[in-house]
Amino acid sequence: MASITLKLNNKNYTIEADPKMPLLWAIRDLAGLTGTKYGCGIAQCGACTVHLEGVPVRSCSIPVSSAANKNITTIEGLSTDNSTAVQRAWILEQVPQCGYCQSGQIMAASALLKRNPNPTDKDIDAAMQGHICRCGTYPRIRKAIKTAAQLMTQK
Amino acid sequence: MNARKKLKVEWQPITASKEVINGFRGKTEVIIPAELESTTVQMEKMAEYAKKPAQQLRKDGDPEAAFAKAAQILERTYTAPFLAHNCMEPMNYFAHVTDEKALLIGPHQALGWIEPTLSKILNLPPDKIEIQMSRMGGGFGLRAYGHFITEAALISRRMKAPIKLVYSREDDMTYGIYRPMYTATYRAALDANKNLIAFHVKGGGIPEHPIHANRFPAGAVDHYLAEGWAIPSNITIGAFRAPRSNFNAAAEQSFLDELAELMGKDPIDFRLELLQRAKENPVGKNNEYDADRYAGVLKLVREKSGWNNMEHKKYSRGVAAYFCHNSYAAHVVDVVKKEGQPYVERVFSAIDCGVVINPDAAANMVQGAVVDGIGNAFFGGLIHKEGVSEQNNFNRYRMIRHKEAPKKIDVHFVQNDIDPTGLGEPPFPPVFAAVANALYKNTGKRFYHQPFIKEWNEKTDKT
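Top to bottom, those sequences are chains A and V. Take 731 as the starting number for the first sequence in this note's numbering and just add one per residue. Take 5 as the starting number for the second sequence in this note's numbering and just add one per residue.
By construction, these hints were calculated from the structure, which means they are not laboratory data. Don't take every hint at face value.
[Unchecked claim] DSS-like, lysine-lysine: derived pairs with alpha carbons at most 27 Å apart:
id	chain 1	residue 1	chain 2	residue 2
1	V	198	A	873
2	A	876	V	198
3	V	289	V	317
4	V	124	A	873
5	A	876	A	852
6	V	341	A	873
7	A	750	A	737
8	V	317	A	852
9	V	407	A	873
10	A	750	V	168
11	V	198	V	308
12	V	445	V	463
13	V	318	V	303
14	A	873	V	389
15	V	168	A	852
16	V	342	A	852
17	V	341	V	168
18	A	876	V	63
19	A	852	V	411
20	V	63	A	873
21	V	303	A	876
22	V	318	A	876
23	V	407	A	852
24	V	63	V	198
25	A	750	V	303
26	V	308	A	873
27	V	412	A	844
28	V	105	V	124
29	V	389	V	9
30	V	389	V	10
31	V	12	A	750
32	V	9	A	750
33	V	317	V	411
34	V	412	A	852
[Unchecked claim] A partial selection of chain A residues facing chain V, derived with a Cβ cut-off under 7 Å:
id	residue
35	743
36	773
37	868
We put the CB at the ideal spot given by N, CA and C, even for glycine.
Generate coordinates for the entire structure from the input sequences, incorporating the hints supplied.
See below:
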């Protein structure tokens, strides 16, 4: 066990954890932020995606020690009122069904649009291919990403 | 997850037994063999059982005589593998069980079904068992079962503490309640003028047969025979989005496509002719479907997809329709070849589920079913070897992913005042056949065995 400081959504959390504990479980079980989901544990489904220093990563496959003192954003940290372009687009296009994968989808889409505000279908394919949606909302995810890109230009 | 990793589980083969199971079809005695099952052996067994006499499920006219005098017979066999549900949220439950009472909280589809079991295994009266439902990260039928709830309850009782049980993905996938493995052989008899005079379906599976004997085209053919058979198995099976229908539609609607071609007819016109017959002069009494509503979705999808419109000729088009869970669904799928692989780029769907309460959510449900159908048709399948499934996570079990989903799925609902009926299941089954029929248009080869991507790789020249 070690004392580790996590900078989650601009707030410091000091936790006692095995340094090898996957970041996912530190976020969920120790910091109590349950918006980030467990789907596979081997970085195959994308449900656990968070931003580490702005880059989307699979929190199930990163030891908590390597995320210490780095800026981490979870789904809860995007906004307090669902006001980011991606969140508004997700609501406008009524994307989710069961919703379980959507935190990861939204985190991936947010990171994509930050580095590429006007993505092509191919860009979207590449950024979203690692995210499984069992309910099959992929066409709406694609549409919502394009809608979010438009919303971003209207600011 | 650490607690789970510390468990050292020693498995031992079960002994053969008989159990009475109280399921959808009432109380049935189930034979559970001891053998460690493998998919290759199961495939051989299915081929062998398919030749044996089977249980007659429905017979109209004199099919034997009609086949004996047929000028031409079309016979085709279809197969599909076990499927794992793979809900994104692995099975999980919270349990706090004491000697006096139990509190259980978690995601489940049908708590009323699990309460009697909990009452029995915990030896507590139902009024001492409180079950709270939470949101579900997907159900697809798997969350109608209660193995994870009883497991959580028993662990809590043993530990004398509140616990939360979360299955690892590996446990979720290998400790599943799978869609059964199915096969069916369809036969059609034509007279010298290429009229359809008899229809025969003989379906089987492990451990149940898939046949719905009173569904289309029953009622539309004078001489009709449906038969079923089953091979006992110790692999746990259960409901999976549109149970049995999800295979029947795949097989039957592919067969009708091939039959229409043999008869020189357009596949939609051919179905409409059969439905007209079923409406005006139905054969037999227990036909489950309404021929007008069935025809309605076919006509709507024909119109909305521009079925006969030459401007769509860059696509390989396939059509299929089905009735189940009291609703009607028809799809036209448009396939192109992309990087050597088949890709369903667009889909047109027509649905009759009575009054639609929330049109956008309903469209989302249909679009999801289409994507789910394409995914399972192309990639789905759980392989067993010596009693163990070979796949245990998403690196080995292929799920449909973002770029494999259609860019556009147009959903159209028949407008009527009929009370609302099912929508989660009905759009799913016909997708498989619409895909198979489109793959035929693309390759000139018929697809009979799911998952189709395996058949595609065997049948297409990869150079």
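Taking the hints in turn, this is what the structure says about them:
At roughly 47 Å between alpha-carbon atoms, residue 198/V and residue 873/A are farther apart than 27 Å, so this suggested pair is violated. Proximity of residue 876/A to residue 198/V is assessed by CA-CA distance (about 52 Å); at most 27 Å being required, the pair is judged violated. Distance hint between residue 289/V and residue 317/V is unfulfilled; the C-alpha atoms sit about 42 Å from each other, more than 27 Å. Between residue 124/V and residue 873/A the alpha-carbon distance is near 49 Å, which puts this suggested pair outside the 27 Å criterion.
Proposed proximity of residue 876/A and residue 852/A is supported: the alpha carbons are some 12 Å apart, at most 27 Å. Straight-line distance between C-alpha atoms of residue 341/V and residue 873/A comes to about 23 Å, which keeps the hinted pair within the 27 Å bound. Straight-line distance between C-alpha atoms of residue 750/A and residue 737/A comes to about 17 Å, which keeps the hinted pair within the 27 Å bound. For the proposed pair residue 317/V and residue 852/A, the alpha carbon gap of about 24 Å is at most 27 Å, so the pair holds.
This hinted pair checks out: residue 407/V and residue 873/A have alpha carbons roughly 13 Å apart, not beyond 27 Å. Pair hint residue 750/A plus residue 168/V holds up; C-alpha atoms about 22 Å apart against a cutoff of 27 Å. Pair hint residue 198/V plus residue 308/V does not hold up; C-alpha atoms about 30 Å apart against a cutoff of 27 Å. With a C-alpha separation of about 14 Å, the suggested pair residue 445/V and residue 463/V falls inside the 27 Å cut-off, and the hint holds.
Among the hinted pairs, residue 318/V with residue 303/V is consistent with the structure: their alpha-carbon atoms are about 22 Å apart, no more than 27 Å. For the proposed pair residue 873/A and residue 389/V, the alpha carbon gap of about 41 Å is over 27 Å, so the pair is violated. A C-alpha spacing of about 41 Å is found between residue 168/V and residue 852/A, which places the hinted pair above 27 Å, so the restraint is violated. With a C-alpha separation of about 13 Å, the suggested pairing of residue 342/V with residue 852/A holds against the 27 Å cut-off.
A hinted pair counts as satisfied when its Cα atoms are at most 27 Å apart, and residue 341/V with residue 168/V does not qualify at roughly 47 Å. Pair hint residue 876/A plus residue 63/V does not hold up; C-alpha atoms about 55 Å apart against a cutoff of 27 Å. Distance restraint check for residue 852/A and residue 411/V: the Cα-Cα separation of roughly 12 Å lies within the 27 Å cut-off, and the hinted pair is therefore satisfied. A threshold of 27 Å between alpha carbons decides the hint, and for residue 63/V with residue 873/A the separation of about 50 Å lies outside it, so the pair is violated.
Annotation: proposed proximity of residue 303/V to residue 876/A is violated, straight-line Cα distance about 33 Å (limit 27 Å). In summary, the hint linking residue 318/V to residue 876/A is supported, as the alpha carbons are separated by about 26 Å, within the 27 Å threshold. Our distance criterion of 27 Å between C-alpha atoms is met by residue 407/V and residue 852/A, whose separation comes to about 8 Å. For the proposed pair residue 63/V and residue 198/V, the alpha carbon gap of about 22 Å is at most 27 Å, so the pair holds.
Taking the CA atoms of residue 750/A and residue 303/V, the gap is about 60 Å. The hint is violated against a cut of 27 Å. Restraint check: the Cα-Cα separation between residue 308/V and residue 873/A comes to about 21 Å, which is no more than 27 Å; the hinted pair holds. Only pairs whose Cα atoms come within 27 Å are accepted, and residue 412/V paired with residue 844/A is accepted, the gap being roughly 25 Å. At roughly 13 Å between alpha-carbon atoms, residue 105/V and residue 124/V fall within 27 Å of each other, so this suggested pair holds.
A distance of roughly 23 Å separates the Cα atoms of residue 389/V and residue 9/V; the hinted pair therefore holds under the 27 Å criterion. With a C-alpha separation of about 25 Å, the suggested pairing of residue 389/V with residue 10/V holds against the 27 Å cut-off. Taken as a hint, the residue 12/V and residue 750/A pair is honoured in the structure, with Cα atoms around 21 Å apart against an allowance of 27 Å. Between residue 9/V and residue 750/A the CA atoms are separated by roughly 14 Å; this keeps the pair inside 27 Å, and the hint holds.
For the given pair, residue 317/V sits about 18 Å from residue 411/V by alpha-carbon distance, which is consistent with the 27 Å threshold. Of the supplied pair hints, the one linking residue 412/V and residue 852/A holds, its CA atoms being roughly 15 Å apart against a limit of 27 Å. Nearest Cβ of chain V to the Cβ of residue 743/A: about 20 Å, over the 7 Å cut. The hint is violated. At a threshold of 7 Å, the smallest CB-CB gap from residue 773/A to chain V is about 9 Å, leaving the interface hint violated.
Because the smallest distance between the Cβ of residue 868/A and any Cβ of chain V comes to about 4 Å, under 7 Å, the interface hint for this residue holds.
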